[in-house]
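Letter by letter, the chains look like this.
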Amino acid sequence: MWNNFALRQIGRQLTGLLVLLFFVSVAAFVLVRLLPGDAATAYLNSINAPLTEEAIEEVEKELGLDAPLPVQYGKWMIQVFKGDLGFSYQTGRPVTEELSEDLRYTGALALTALGWVLVLSLILGTFSAGHSGGAVDMMIRIFTFLGSAMPKFWLGFLAVSLFSLRWKLLPVQGAATWKHLILPSLTLACSYIATYTKLLRNSILEVQSSPFVLHARSRGFSKRFVLVRHVIPNAMTPVFTTLGLHLGGILSGSVIVENVFAWPGLGRMCVDAVAARNYPMIQGYILLLSVIFVTANMLCDLACAAFHPRLRAGGRT
Amino acid sequence: MHKSKMDEEVVILKKVQASHFHDVLCLNETKGMDRNMKKRIAVLLAAVMSISLMACGGQNTQNTQNTQTASAAEETVQAAESQTGQESEPAGETVQEEAEAAKKDTLIVRMAKDVGDLNPHTMKSQMAAQDWVYESLVALEKGAVVPELAESWDISPDGLTYTFHLREGVKFSDGTDFNSAIAKRNIEAVANHADGYSFLNSLASLESVEAPDDLTLVLKLNTPCNSLLNDFTFSRPLVMLGENGFPGEGDPYDNGITEPIGTGMWVLKEYVADQYALFERNEYYWGEKPKFQYMKAMVIPDVNTAVTALKAGEIDVMADSTQITADMYKEMETAGFKTETAPTTSISNLNINTGGEITGDVNVRLALEYATDNTAISEGIFGGLQKPATAYFSTDVPYANVGIAPYPYDPDKANVILDEAGWVYEGDDQVRSKDGKILELDLIYDASVTNDRDIALILQSQYAQVGIQLNIVPQDSQIYRQNWANGEFGVLIYSSWGGSYEPYATLAAMAADGDKFHTVQKGMKNKPELDDIMLDCLTQKDPEMLQENFNYIMQSFHDEAVYVPLTVVSTLAIYNSELAGLDLESSHGGMGIGGMYVE
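Here the protein sequences come in this chain order: A and B.
Take the first sequence: its position 255, counting from 1, is numbered 254 in numbering that gives the first Met the number 0, and each next residue is one higher.
Take the second sequence: its position 263, counting from 1, is numbered 262 in numbering that gives the first Met the number 0, and each next residue is one higher.
All clues stand as given, with none of them false.
Among the chain A residues that face chain B by a calculated CB cut under 8 Å, a handful are:
hint	residue
1	Thr51
2	Glu57
3	Thr90
4	Gln172
5	Ala174
6	Asn258
7	Val259
Here are the simulated lysine-lysine pairs, DSS-like style, with alpha carbons at most 25 Å apart:
hint	chain 1	residue 1	chain 2	residue 2
8	B	Lys337	B	Lys310
9	B	Lys310	B	Lys329
10	A	Lys167	B	Lys329
11	B	Lys112	A	Lys178
12	A	Lys60	A	Lys81
13	B	Lys310	A	Lys178
14	B	Lys219	B	Lys183
15	B	Lys123	A	Lys60
16	B	Lys103	B	Lys288
17	B	Lys337	B	Lys288
18	B	Lys183	B	Lys123
19	B	Lys310	A	Lys167
20	B	Lys103	B	Lys337
21	A	Lys167	B	Lys337
22	A	Lys151	B	Lys310
23	B	Lys103	A	Lys178
24	B	Lys290	B	Lys310
25	B	Lys112	B	Lys337
26	B	Lys526	B	Lys540
27	A	Lys151	B	Lys112
28	A	Lys167	B	Lys103
29	B	Lys386	B	Lys337
30	A	Lys178	A	Lys167
These are calculated hints, taken from the structure and not from any lab test.
Only a predicted model underlies this, so the values are computations on that prediction, with no experimental measurement involved.
No residue lacks a Cβ here, since even glycine has one placed at the ideal position from N, Cα and C.
Starting from the given sequences, assemble the full structure and let the hints guide the process.
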């Protein structure tokens, strides 16, 4: 049952992914070229070379931008199918190499942040729901408001000034060790922890008032047992559904955190690439993120199913 | 009522007790499932955590030199980076130790961007980093050309033959000799791709490179070229790569390099893209060798983070001319850090669109000159660290300091000029107008430049005093340059290129139709003549004629009120108070950190 469902689900999503990627690739290709300013001029500007027509033509030839657009797209697609995303205009290195390096760092950051979100919001949300209306609940709710309202860069600098400058516990910037990961991932996670704590708190309260919980309690099961066995798994469903949407946001939204903590990730790379009109990098980035976004959603659907037997059987919530 | 409810509860209680045995079974079963569920959550979390740690742990370290020759000192540096996992030690001490262990023999410098591949013949690396590794025949000091790998040079009277006398005993970092043969190979490799470096005017006129003996290098030109020496002062591409750095028979422009081998102060030892580059002192360096054995360039894009890292002792020195603000500088000075400032040859200017609808009127441009108080900008935004400028070019740029006094700050005069030109206040208007046209200008600036917004705000209030409305329009770098080239702006803020670009590369751009520098001047009434004179500057070999040309150019800029000089861009440096020996004006080795030592 589980295997069947999973295979069917994965198969369907993979086909969808391929169709989606085709449209994304066309959109990415066209959109980067619709940006005002072009790659050749951007390059000449960056080296302070006179912007004459000949100079621009020369650079366009070198970058392969002199061919008609459909030809350029075709060439790029053939490359993509060979697993080659071209070369970065800025560094001359293969885009796949740069993206995979940056992805490892952003991935580490996003997954750790995700870990924080799952663990901390589960703890805080459960606690808050358990003490609904009490002082603890109040405090946690204040945290959720602050956490979602605080700008990330400010939160980052605040964390650094406390943990790095005052208490000298953690490094300010860089990505050399696991210690360097703590502050950036927490900063990135903070607003999501706030959101999910709130979501989980409300979800738990809602599930707790459903008849099957009363039934379980009346059968004599302990409050804690019912909470862990019945309430939380049911309350997690909205968490996983939204998480699928948010994971893309966590990945692509890490740019501010990456800048503040000098973390060498995708967000930073992408902003630089856009500023330099580095077409192959931007296109590669968009393709990669679409794949991740869809995969994340797929994983979340599976996770939902794991926590929700009814979904496994192909039913509906 | 009450009783019956009690009865009900008793019944329920009894039922519960009766089914207790069943429940125990059930409980055991569900407890088993509970464990499964817990396991599932645990596995999920563990997977998330371990993937992230795996991704973080495995560093992509590229050793450019033989990895087996890692010296003890290098191990210290690496150990300082990796020995964080020791749980027995309080974390706080470890972080501090890290910083201190690394400090003993390693100078840690902040870089805003990754150093790049250090290919000396392409434009893809950071210039400071290229300066650390590579050198050229000559260098630039305060706008003037000074010896580097060439001790002296002669120029034939016809300006067509340059003879360089090379420094004796110079070796590349791999121990091979620097001589005229390798210099010839480098220059020819660059000249073969002249199209790729259109800012170098000399490449087009270069006819041949000869190496009559080991220490003599002769460049023959087909037309005189005044920018030739300047072209050799750029950080790239006319710098010297060692023989073993060339990709076989290929050249670095097309095929990359095998290793960054130069004659400069530092040798690249280890490189982690987007994180850091570790350099070691070049033991073969011909000049005064660096005091530090290692120098680590840490990539920290955000300037605020860099300041915090400096406070935490994670870096030793940061220096730049665009990002460090006067506030940061003063704050760190108060906090006990050492600071230093040095003027560059780059000038921040307000460029006025001479071809614009409103700014095409020379009276409006003159009014802007008189209405601008650049002392207020110098004091208000830069805390006096950037001095008020007097002309488009720095006074250090050869020939360009022609002694024309800049327009004084005189708003009354600006008002008179505008009144006389017919730009008057209608009724109660705060803004002047003429024939129903309001005197409003779009000021565009590159939103990525730190201080330009504040400069724009000051100008806005200064121009409001004389009835000119300034609309501030921040723009993306590329859009800004595109609008600039197309003449779609009233005024804009830009810093002249400075350094090796001055004056010849700048003049070439100003004379090139289609270039943004050309667009600004399009409405000048003598533009065609001015272009001819600018182009003549590039080849004029008579110094007196050359000076006359420059007099004409600078007088035209002044009379036509094309540029409002704002401030002299300065390099600001903040560094650890235990260090000394920073020389921001040094022409050798990039950022002037070569002579730094622990006091």
